[in-house]
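Undergrad: Please model the complete structure; the sequences and the hints are all you need to start from.
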Amino acid sequence: MFIVKSSEFIKSTSNVCDFPNEGLKEIAIVGRSNVGKSSIINSLLNRKRIAKVSSTPGKTRTINFFLINNSLYLVDFPGYGYAKVSKYERNSWKSMVESYFYNRDVLKKVILLIDSRHDPFESDLIMCNWIKDMKYNLSIVATKSDKLKFAEIKKNDLKFRKNFDVSKILFYSALKNENRNELLNFIFSDI
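Going by my numbering, the sequence shown opens with residue 4, and the numbers climb by one from there.
Rather than coming from a laboratory, the hints here were simulated on the basis of the structure.
Just so you know, even glycine gets a beta-carbon here, dropped at the ideal spot from N, CA and C.
A hint or two may mislead.
What the hints assert, rightly or not - Calculated lysine-lysine pairs in the DSSO-like style (CA-CA distance at most 30 Å, straight line):
id: 1; residue 1: Lys112; residue 2: Lys28
id: 2; residue 1: Lys179; residue 2: Lys152
id: 3; residue 1: Lys51; residue 2: Lys152
id: 4; residue 1: Lys55; residue 2: Lys135
id: 5; residue 1: Lys150; residue 2: Lys28
id: 6; residue 1: Lys90; residue 2: Lys112
id: 7; residue 1: Lys55; residue 2: Lys150
id: 8; residue 1: Lys179; residue 2: Lys150
To be verified - Computed spacing ranges between beta-carbons, pair by pair:
id: 9; residue 1: Lys158; residue 2: Glu181; range: 16 to 22 Å
id: 10; residue 1: Tyr105; residue 2: Lys8; range: 29 to 35 Å
id: 11; residue 1: Ser98; residue 2: Asp168; range: 40 to 46 Å
id: 12; residue 1: Ser15; residue 2: Lys157; range: 17 to 23 Å
id: 13; residue 1: Phe153; residue 2: Ser95; range: 27 to 33 Å
id: 14; residue 1: Asp168; residue 2: Lys90; range: 26 to 32 Å
id: 15; residue 1: Ser102; residue 2: Ser170; range: 27 to 33 Å
id: 16; residue 1: Glu92; residue 2: Ile156; range: 31 to 37 Å
id: 17; residue 1: Lys14; residue 2: Ser170; range: 32 to 38 Å
id: 18; residue 1: Ser102; residue 2: Lys179; range: 15 to 21 Å
TA: Structural data, given as structure tokens:
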């Protein structure tokens with residue numbers, strides 16, 4: 004079982020030259036705007052405010068690096084799919100994300116967060132396929148599961164696994180923190 008003994012925010016940057024270069028393994032967290040990336044990070048690391056949570060979509064505009072157990076980085080990405088962003092800013096984010104994914108030998112896994120309450124968005128399916136095409140180890144976490152009844156979770160689990168063509172999707176609520184150990188193992192066990 005993976006245990007988080009220590010965690011700290013290291014840096015926030017949009018410049019490839021400023022990415023950490025110690026050679027530590029990295030796990031990237033990606034997903035649409037307001038899917039709950041910051042809430043999941045806070046829950047995973049058992050820290051209430053290590054990642055800034057906002058109800059305003061598109062708040063995270065840089066790549067944020069969190070050091071875990073002095074041995075690996077959790078990397079938080081800006082959300083995609085937010086419509087009220089200029090074309091220039093959208094292209095800038097796209098360039099930043101691509102430069103990270105194409106140039107990070109230390110990237111060992113990508114966690115794609117999806118909203119458990121909604122059918123898969125086209126942008127989520129595109130991101131999933133892009134990650135698979137790049138041959139990265141992929142895990143999908145369906146967020147905000149506290150908003151669903153058990154029957155809805157079962158139904159959406161089947162639908163999501165089929166749409167994303169994966170064998171397992173973990174449903175999780177950062178609000179309730181239930182199954183946190185399962186989430187930790189789901190993310191960190193094969194790193």
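Undergrad: Against each hint, give a clear statement of whether it holds in the structure.
TA: Against the structure, the hints come out as follows:
no.	hint	verdict
1	Lys112 / Lys28	9 Å, holds
2	Lys179 / Lys152	14 Å, holds
3	Lys51 / Lys152	26 Å, holds
4	Lys55 / Lys135	29 Å, holds
5	Lys150 / Lys28	33 Å, violated
6	Lys90 / Lys112	29 Å, holds
7	Lys55 / Lys150	22 Å, holds
8	Lys179 / Lys150	11 Å, holds
9	Lys158 / Glu181: 16 to 22 Å	19 Å, holds
10	Tyr105 / Lys8: 29 to 35 Å	32 Å, holds
11	Ser98 / Asp168: 40 to 46 Å	28 Å, violated
12	Ser15 / Lys157: 17 to 23 Å	38 Å, violated
13	Phe153 / Ser95: 27 to 33 Å	42 Å, violated
14	Asp168 / Lys90: 26 to 32 Å	31 Å, holds
15	Ser102 / Ser170: 27 to 33 Å	31 Å, holds
16	Glu92 / Ile156: 31 to 37 Å	35 Å, holds
17	Lys14 / Ser170: 32 to 38 Å	35 Å, holds
18	Ser102 / Lys179: 15 to 21 Å	36 Å, violated
Against the hints set out earlier in the document, violations occur for numbers 5, 11, 12, 13, 18.
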